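K.L.:
The lines below spell out each chain.
Number of protein chains: 2
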Amino acid sequence: MKYIAIIGFGVVGGGITEVIEQNKAAVKRLVGDEIYVKYILDLREFPDSPYGDRVVHDVNIIADDPEISVVCETMGGVNPAFDFSMLMLKNKKSVVTSNKELVAKRGVELLSAARQAGVQYLFEASVGGGIPEIRGMRTSLAGDTVSGIDGIMNGTTNYILTRMKKDGASFDEALSEAQRLGYAEKDPTADVDGFDAQRKIMILTAVATDMMADEGDVYRETMRNITPLDMDAAARFGGTVKLLGSARIGEDSASVFVCPFFVPSDCPLSFVDDVYNGIRVMSPVTADVMFYGRGAGRMPTAGAVVADVVSVLSGIAEKERSAKWEYAPDGYITPFEENSFSYYLRIRTESPEECAEAVRLAFGGAEILQGSPEGFAELITDEINEKDARSLFPSLEGLESHIRIMK
Amino acid sequence: MKYIAIIGFGVVGGGITEVIEQNKAAVKRLVGDEIYVKYILDLREFPDSPYGDRVVHDVNIIADDPEISVVCETMGGVNPAFDFSMLMLKNKKSVVTSNKELVAKRGVELLSAARQAGVQYLFEASVGGGIPEIRGMRTSLAGDTVSGIDGIMNGTTNYILTRMKKDGASFDEALSEAQRLGYAEKDPTADVDGFDAQRKIMILTAVATDMMADEGDVYRETMRNITPLDMDAAARFGGTVKLLGSARIGEDSASVFVCPFFVPSDCPLSFVDDVYNGIRVMSPVTADVMFYGRGAGRMPTAGAVVADVVSVLSGIAEKERSAKWEYAPDGYITPFEENSFSYYLRIRTESPEECAEAVRLAFGGAEILQGSPEGFAELITDEINEKDARSLFPSLEGLESHIRIMK
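Chains A and B supply the protein sequences, listed in that same order.
The numbering used here numbers the first residue of the first sequence as 61 and each following residue consecutively.
The numbering used here numbers the first residue of the second sequence as 61 and each following residue consecutively.
Pulled out of the complex, with its shape left as it was, chain A reads as follows (with noise of 0.2 Å):
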């Protein structure tokens, strides 16, 4: 019997046992024993659960049982994950979590803290629940260098801006129906305002260069301002408008940023919809993959820190490169603003000719977006510097939208 056991009994948390329990003879005979919760350490009762008497509150009970080997954190928040997760490090018990906010600001240390520990800290659930691409990339893509990261890793704004597309409703109405689903917090700001897709794509771009970014070097753009008008510019320019939070890697360097895009329908991304998430990752000799799934929910991201448990147990994850993380030097991340794009542009004009010249002056070359509304010039720039491309963005006036395209 290996015993593990979990911290946090919320939905995640929940969702482990069940899937221990339903997938009982899979899971012995891929780890050889069966496992057994033992403890759950919760600030709350839960006499009606099965799990009822294995609660506990004092995290050390847990921490000083030599017979647990994995703890499961998916309590969420940085306090008191963190010190409770370093406390089990620290008396080698392997950590699993799906709590992307610590892996995002703390990964670096607990990583250290694991390897110095000879244990593992795992952390496939923190970003795309179910899907498995944080192995995939670390395992299936060995050897092969990775030089872009693309992902829609949020399912609340990706239904909205799917709403948006499908039905035509405003960022308000498809945010109400989300919220009304339960999709959307009643406070949708860590999803909408991208601080969700922000630390998912540090992680993965940690995943891919072993160097975590500051939150403040990774640019974060809202989708609040996306409008019908804007779906409706990019259906007609041949794709439609993502959350994206992307990353463009170099020898020595990276950039990092999360932001609403044009993307072409020749991409697929431009095909995920709903909640689902599309993570895809570009590399010089696997060329595209893309992972595609439920990137949240209760038993997908249960199964995803299952998997994990696994793969501690059965000693695959001793053996897999053990990440070494640092925290990004200085230069190392390099200013959003140094990166180009080309822009759909809408701008507010009695006449789009003279508008569209004037863009084409300024930008260096544009085309025009057929089938503008009345009263208004559809541009899609050429590529420009983004400093540049802000700094012309005020003498344009009657600008109404601005929307990179996804290269």
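To be clear, the hints were calculated from the coordinates, so they are not data collected in a lab.
Values in this document were obtained by computation on a predicted structure and should not be read as measured data.
Cβ atoms here follow ideal geometry from the backbone N, Cα and C, with glycine treated the same way.
Accuracy of the hints is not assured; some may be wrong.
As the list claims (entries may be wrong) - Not everything, but these chain A residues come out facing chain B in the computed CB check (under 8 Å):
1. Asn83
2. Tyr111
3. Gly190
4. Ile191
5. Gly196
6. Met350
7. Pro360
8. Gly363
9. Lys379
10. Glu380
11. Thr409
To be verified - Under the rule of at most 27 Å between Cα atoms (straight-line distance), these lysine-lysine pairs were calculated in the DSSO-like manner:
12. B/Lys467 to A/Lys226
13. B/Lys467 to A/Lys225
14. A/Lys150 to A/Lys165
15. B/Lys98 to A/Lys379
16. B/Lys384 to A/Lys84
17. B/Lys225 to A/Lys467
18. A/Lys165 to A/Lys379
19. A/Lys62 to A/Lys152
20. B/Lys62 to A/Lys379
21. A/Lys98 to A/Lys150
22. A/Lys88 to A/Lys152
23. B/Lys62 to B/Lys98
24. A/Lys88 to B/Lys379
25. B/Lys379 to A/Lys62
26. B/Lys467 to B/Lys225
27. B/Lys88 to A/Lys379
28. A/Lys379 to A/Lys62
29. B/Lys152 to B/Lys62
30. A/Lys379 to B/Lys379
What the hints assert, rightly or not - To list a few chain A residues with every Cβ distance to chain B over 10 Å, as calculated:
31. Ala123
32. Glu386
33. Leu452
Position chain B relative to chain A; hints supplied.
P.N.:
The following block gives chain B in isolation, referenced to the frame of chain A:
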């Protein structure tokens, strides 16, 4: 230094040396040592290759060299690849392969020989080129039962169907273009008649169930009969035509088949176009996961072979659930006729209304597909047992096309 050998220095075999060269530093970090290609077995000489001096013509030189720990078999075909692979395994060398025919036909024995010798037989590159769906199924969905697989696993036929969809080309026109571009062989039988996809879905089914089906039990249907009228009907239905390799997996049985399907546009497979592959794995916990990427090509396929080499040399493969395949016992693979499908039917008729009524009566229900060309009735039938459907087809005078709807 870790020494490996390559058997078969063709497109993929040559790619392996390139990938190892190109990713030297990363491979060393993963394996803890450099990889050196010591021998290349081929009938030919390669005087102009930098690897020319490593070419040997006697397989025993490799088999007898105790320094060789991994052999990459990239010959293709069953003979002599099977004998060579068995020889290597018996001499305690792990074998990694891109040879789908061999894995499908003799994988059971090769895996058994590998187990007996305490070495590995890995075949990620045999399905989906650089797409890591086999490792994904084996390790990342750990503990989760696979209930179904649907894959676009043949880039050639997908290219043909994409041209038919996007350009309105006929099958023959699209095939000619694919041949001109080098995507299709002069004799396209293996691709367009589904043999290639059949082998691949047999392999993936075995990965999921440990049971290798007999080729004769895996239904296979050509896609030569798909016409522009079918593509047009699929678009009106709200989807597209794809050649799928599919498995429906129960507790003690599986149904495995390859045929063209109407794939509705709410399924991500409907957007997998051109030479790309998409493999969708369904399971109760993780729900739908799709792996997407280039399913063939020198570098992606070689990259997958090298990832397997790395997995052996780093010790990961040893810890992974070792595949223990057996030949599926009688009755495990259920006859295709026992499945039920909805059907698209196109019937040439002067009186579409009467025809529709007749189909409704015969099939127990059917909806008219709107927008049919003059002189045709088009229907989407209710779900019906395959055997019953087949017995009804001869009675439908003027029946020009029947295509199953993916579910």
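K.L.:
Confirm or reject each hint.
P.N.:
Consistency of the hints with the structure:
no., hint, in the structure
1, Asn83, "4 Å, holds"
2, Tyr111, "18 Å, violated"
3, Gly190, "4 Å, holds"
4, Ile191, "6 Å, holds"
5, Gly196, "5 Å, holds"
6, Met350, "4 Å, holds"
7, Pro360, "5 Å, holds"
8, Gly363, "4 Å, holds"
9, Lys379, "4 Å, holds"
10, Glu380, "6 Å, holds"
11, Thr409, "35 Å, violated"
12, B/Lys467 to A/Lys226, "22 Å, holds"
13, B/Lys467 to A/Lys225, "25 Å, holds"
14, A/Lys150 to A/Lys165, "19 Å, holds"
15, B/Lys98 to A/Lys379, "25 Å, holds"
16, B/Lys384 to A/Lys84, "19 Å, holds"
17, B/Lys225 to A/Lys467, "25 Å, holds"
18, A/Lys165 to A/Lys379, "25 Å, holds"
19, A/Lys62 to A/Lys152, "15 Å, holds"
20, B/Lys62 to A/Lys379, "17 Å, holds"
21, A/Lys98 to A/Lys150, "20 Å, holds"
22, A/Lys88 to A/Lys152, "23 Å, holds"
23, B/Lys62 to B/Lys98, "9 Å, holds"
24, A/Lys88 to B/Lys379, "14 Å, holds"
25, B/Lys379 to A/Lys62, "17 Å, holds"
26, B/Lys467 to B/Lys225, "21 Å, holds"
27, B/Lys88 to A/Lys379, "14 Å, holds"
28, A/Lys379 to A/Lys62, "19 Å, holds"
29, B/Lys152 to B/Lys62, "15 Å, holds"
30, A/Lys379 to B/Lys379, "8 Å, holds"
31, Ala123, "26 Å, holds"
32, Glu386, "15 Å, holds"
33, Leu452, "35 Å, holds"
When held up to the earlier numbered hints, the structure conflicts with 2 and 11 and fits the remainder.
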